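There are 2 protein chains.
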Amino acid sequence: MIGWMQKLISPSLCSCIFKGTRKFSGVGKINHIAIAVPNLESATNLYKNVLGAKVSAAMPLPEHGVTTVFVELGDTKIELLHPLGDRSPISGFLGKNKSGGLHHICVEVENISDAVKALTDNGIRTLTEEPKIGAHGKPVMFCHPKDCDGVLLELEES
Amino acid sequence: MIGWMQKLISPSLCSCIFKGTRKFSGVGKINHIAIAVPNLESATNLYKNVLGAKVSAAMPLPEHGVTTVFVELGDTKIELLHPLGDRSPISGFLGKNKSGGLHHICVEVENISDAVKALTDNGIRTLTEEPKIGAHGKPVMFCHPKDCDGVLLELEES
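Each protein sequence line maps, in turn, to chains A and B. Residue numbers for the first sequence follow UniProt numbering, beginning at 1 and rising by one. Residue numbers for the second sequence follow UniProt numbering, beginning at 1 and rising by one.
If you are wondering where the hints come from, they were derived from the structure by calculation, not from laboratory data. From a predicted model like this one, the values you see are computed outputs, not experimental measurements. Check each hint, because a few of them may be wrong.
Copies of the same chain look alike in the list, so a pair counts if it fits in one copy or across any two.
In silico PhoX-like pairs for lysine-lysine, Cα to Cα no more than 20 Å straight-line [to be verified]: (1) K146 / K98; (2) K146 / K48; (3) K117 / K132; (4) K98 / K138; (5) K29 / K146; (6) K117 / K23; (7) K146 / K117; (8) K117 / K138; (9) K138 / K96; (10) K96 / K146; (11) K138 / K29; (12) K54 / K23; (13) K48 / K96; (14) K23 / K96; (15) K48 / K117; (16) K48 / K23; (17) K29 / K48; (18) K48 / K98.
Turn these sequences into a full structure, and let the hints guide you.
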């Protein structure tokens, strides 16, 4: 029965049906570009008062170890990240990059499981086994920078 | 005469008229995020075939010392940059970052001279004295990373 059906449908569709997974629909827009900053006030001043962008108030996210300011730029945003608490995930980065720097970029995907499968099927390692809930309350997964041209690439379910 | 006029118009408007410059209208969208990559083929494969984004053919830009692939993502794009020729501006970066990495971000401005004046008035240094014509054929200016939270920030006239 399966062999007969396989002759009628394409190999890729077969794979989706019989493995119980859908084909990854591809990435959407860039959700944000994250910049780790040593001084949140002066970084906010640059984007708000010097460059004239619309910026949010500072948002403390203690469960993620950062305080964030969102800078709206077209259909994406810059997120200025400053360490919050003793175990911030960006403290090590700022230890190595005293002036701050580009920390990661985040692209949107429709379904995080499909996206992660597409990545791992192609040998791209992820930093955790399973997606986690990110700073925006949605499932996210970070890909290994060594497999992404030195870029810490975050995928976020849109 | 000038004193009398100044009483009728706002101080900021005065400044614009009498200094002969317009007020900077603020940044627009992010034009691109540049990623320096050690292998253009594998980087293109990641974005095109694994992540399913729309990507351009490789574009050699010998006068800028790079070969570029454009990755369309929403209203902005990633530009994958690979060195071209002996004096590529990204060779040093790739020497320090063997896997590649986030190189710079570019935001659009309506008028490059107004934008540069707003920056220099606020103590932000630029990498050259005057704007140059960038890879897209438009005037661009790079700001000093030490004044921009460790980020190489490019302004491009839209």
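Structure-based check of all given hints:
1. In the homo-oligomer, the alpha carbons of K146 and K98 lie at most 20 Å apart only across protomers (10 Å), although the nearest pairing inside one protomer, at 22 Å, exceeds that limit.
2. For the identical chains of this complex, K146 and K48 are inter-copy neighbours only, at 18 Å across copies versus 34 Å inside a copy, given an alpha-carbon limit of 20 Å.
3. Taking the closest pair of Cα atoms, K117 and K132 come within 20 Å of each other only inside a single copy of the chain (15 Å); across copies the shortest separation is 44 Å, beyond that limit.
4. For the identical chains of this complex, K98 and K138 are neighbours neither inside a copy (30 Å) nor across copies (32 Å), given an alpha-carbon limit of 20 Å.
5. Proximity of K29 to K146 under the C-alpha cut-off of 20 Å is found in neither arrangement, the shortest distances being 23 Å within a copy and 29 Å between copies.
6. In the homo-oligomer, the alpha carbons of K117 and K23 lie at most 20 Å apart inside one protomer (9 Å), although the nearest pairing across protomers, at 50 Å, exceeds that limit.
7. In the homo-oligomer, the alpha carbons of K146 and K117 lie at most 20 Å apart inside one protomer (18 Å), although the nearest pairing across protomers, at 39 Å, exceeds that limit.
8. Taking the closest pair of Cα atoms, K117 and K138 come within 20 Å of each other only inside a single copy of the chain (18 Å); across copies the shortest separation is 40 Å, beyond that limit.
9. Neither within a single protomer nor between protomers do K138 and K96 lie at most 20 Å apart by alpha-carbon distance, with minima of 29 Å and 35 Å respectively.
10. Within a single copy, K96 and K146 get their C-alpha atoms as close as 18 Å, and across copies as close as 14 Å, so both meet the 20 Å cut-off.
11. With identical chains, the CA atoms of K138 and K29 are at most 20 Å apart within one copy only, with a shortest distance of 15 Å there and 25 Å across copies.
12. In this assembly of identical chains, the alpha carbons of K54 and K23 lie at most 20 Å apart only when taken from different copies (17 Å versus 37 Å within one copy).
13. Taking identical chains as interchangeable, the C-alpha atoms of K48 and K96 are never at most 20 Å apart, the minima being 27 Å within one chain and 32 Å between chains.
14. Proximity of K23 to K96 under the C-alpha cut-off of 20 Å is found in neither arrangement, the shortest distances being 39 Å within a copy and 37 Å between copies.
15. For the identical chains of this complex, K48 and K117 are inter-copy neighbours only, at 16 Å across copies versus 39 Å inside a copy, given an alpha-carbon limit of 20 Å.
16. In this homomeric assembly, K48 and K23 come within 20 Å of each other (Cα to Cα) only across copies, at 15 Å, whereas the closest approach inside a single copy is 41 Å.
17. Only between protomers do K29 and K48 lie at most 20 Å apart by alpha-carbon distance; the minimum there is 14 Å, versus 23 Å within a single protomer.
18. For a Cα distance limit of 20 Å, the shortest separation of K48 from K98 qualifies neither inside one copy, at 22 Å, nor across copies, at 34 Å.
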